[in-house]
Amino acid sequence: MIALPLWADVAVSLLVLAGALIALIGSFNLMRLRTFFERVHAPAVIATLGCWCVMVGTVLYFSLQSHAVAAHGLLIAVFLAITVPVTNIFLMRTELFRARLAGRDVPPALSGSGEGRKAAGSGEPVAQRRNS
Amino acid sequence: MNPVLSYALPAALVILVLAMGCSLVPVLRGPTAQDRVLALDCLALNGMLLMLVLGIHQGSGNYFEAALLIALLGFVSSMAMAKFLLRGEVIE
Numbered sequence: 001m002i003a004l005p006l007w008a009d010v011a012v013s014l015l016v017l018a019g020a021l022i023a024l025i026g027s028f029n030l031m032r033l034r035t036f037f038e039r040v041h042a043p044a045v046i047a048t049l050g051c052w053c054v055m056v057g058t059v060l061y062f063s064l065q066s067h068a069v070a071a072h073g074l075l076i077a078v079f080l081a082i083t084v085p086v087t088n089i090f091l092m093r094t095e096l097f098r099a100r101l102a103g104r105d106v107p108p109a110l111s112g113s114g115e116g117r118k119a120a121g122s123g124e125p126v127a128q129r130r131n132s
Numbered sequence: 133m134n135p136v137l138s139y140a141l142p143a144a145l146v147i148l149v150l151a152m153g154c155s156l157v158p159v160l161r162g163p164t165a166q167d168r169v170l171a172l173d174c175l176a177l178n179g180m181l182l183m184l185v186l187g188i189h190q191g192s193g194n195y196f197e198a199a200l201l202i203a204l205l206g207f208v209s210s211m212a213m214a215k216f217l218l219r220g221e222v223i224e
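So the sequences go chain by chain: A and B.
By the numbering used here, the letter at position 82 of the first sequence is numbered 82, and the numbering carries on one by one without gaps.
By the numbering used here, the letter at position 23 of the second sequence is numbered 155, and the numbering carries on one by one without gaps.
Please note: incorrect hints may appear among the correct ones.
Claimed, not checked - Computed Cβ-Cβ distance ranges for the label pairs, DEER-style: (1) A:Ala102 with B:Ala198: 17 to 25 Å; (2) B:Leu160 with A:Ala3: 39 to 47 Å; (3) A:Pro108 with B:Glu197: 17 to 25 Å; (4) A:Asn29 with B:Ala198: 44 to 52 Å; (5) B:Glu221 with A:Val86: 17 to 25 Å; (6) A:Leu14 with B:Ser209: 18 to 26 Å; (7) A:Asp105 with B:Val157: 36 to 44 Å.
As the list claims (entries may be wrong) - A few chain B positions that, by computed beta-carbon distances, are all more than 10 Å from chain A: (8) Asp173; (9) Ile223; (10) Glu224.
Stated by the list, open to error - Listed next, the stretches of chain B that the computed footprint assigns to chain A, with coverage defined by at least 3 CB atoms under 8 Å from CB atoms of chain A: (11) 140-150; (12) 155-161; (13) 165-172; (14) 185-193; (15) 202-213.
Keep in mind that the hints were calculated from the coordinates and are not lab data.
From the three backbone atoms N, C-alpha and C, an ideal C-beta is built for every residue, glycine too.
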């Protein structure tokens with residue numbers, strides 16, 4: 001294993017520690033916040049800033065150690081940037097759907113289609129279909 | 133390995149394990165099912181970061197594949213669970 005110069009060591013250490021601390025902040029807020037719609041924002045900071053900090057540290061460390069650009073770590077960051085919003089959107093729609101079913105005070109569905117049909121539309125599209 | 137990295141990397145590992153513990157609490161406690169799914173997604177993210185830091189600590193690039201697998205499986209599993217909670221079945 002090649003010993004890295006001091007500035008690279010300090011930079012990698014700072015990036016990795018910052019990423020770990022951001023992950024701790026996000027997870028702690030996931031535990032702390034009260035409602036689901038507040039809670040769903042907490043892990044986003046892990047997927048963006050925390051993941052990018054650790055990823056840049058990894059790329060820097062392996063690039064300096066192998067004397068070549070080791071950019072394969074960016075693959076995970078790009079993958080997470082694509083997938084985490086999709087998961088979060090689905091989870092938020094799930095919570096909205098279940099809150100409408102339970103009759104809680106959430107905004108109604110804009111259209112009669114999709115998951116808001118059963119709850120907020122109160123069966124209007126079904127009634128229209130039966131009449132025609 | 134220089135002393136800076138040899139102190140910082142175990143500290144980062146301990147902090148990430150603490151973060152995994154923090155996100156394990158809503159998995160066990162969470163009042164609704166989607167809270168648990170959200171916390172499991174967060175747990176997978178923390179585990180992926182743990183694998184990457186472990187890869188730097190051991191100086192081996194093999195942990196990268198484990199991290200990529202955890203990210204993939206975390207996405208697919210939380211997607212499937214969210215789809216099931218939303219529609220009642222996974223593949224329509």
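Now the hints, each set against the structure:
1. Between A:Ala102 and B:Ala198 the CB atoms are about 40 Å apart, so this pair departs from the stated range of 17 to 25 Å.
2. Evaluation of the 39 to 47 Å hint for B:Leu160 and A:Ala3 yields a pass: the beta carbon distance comes to about 44 Å.
3. Roughly 46 Å separates the CB atoms of A:Pro108 and B:Glu197, a value that falls outside the hinted 17 to 25 Å.
4. Checked against the hint of 44 to 52 Å, the pair A:Asn29 and B:Ala198 fails, with Cβ atoms roughly 27 Å apart.
5. B:Glu221 and A:Val86 have their C-beta atoms about 18 Å apart, which keeps the hinted 17 to 25 Å range intact.
6. Taken as a hint, the range 18 to 26 Å is violated for the pair A:Leu14 and B:Ser209, whose Cβ atoms sit roughly 33 Å apart.
7. Separation of A:Asp105 from B:Val157 is about 27 Å and departs from the stated range, judged on CB atoms against 36 to 44 Å.
8. With a closest Cβ-Cβ approach of about 6 Å to chain A, B:Asp173 is found to fall inside the 10 Å limit, against its non-interface label.
9. With a least CB separation of 14 Å from chain A, B:Ile223 remains clear of the 10 Å interface cut-off, as annotated.
10. Every CB of chain A lies more than 10 Å from the CB of B:Glu224, the least distance being 12 Å, so the non-interface label holds.
11. A count of 8 residues in the region 140-150 of chain B with a Cβ less than 8 Å from any Cβ of chain A is obtained; the coverage claim is therefore met, three being the minimum.
12. Under the rule that three or more residues need a Cβ within less than 8 Å of chain A, the assignment of the region 155-161 of chain B holds, with 3 such residues.
13. Only when three residues or more bring their CB closer than 8 Å to a CB of chain A does the claim for the region 165-172 of chain B stand; here the count is 5, and the claim holds.
14. Taking a C-beta to C-beta cut-off of 8 Å, the region 185-193 of chain B contributes 5 residues in contact with chain A, enough for the three needed, and the coverage statement holds.
15. With 5 residues having a Cβ less than 8 Å from any Cβ of chain A, the region 202-213 of chain B passes the three-residue criterion, so the hint holds.
Comparing the model with each numbered hint stated earlier shows that hints 1, 3, 4, 6, 7, 8 do not hold.
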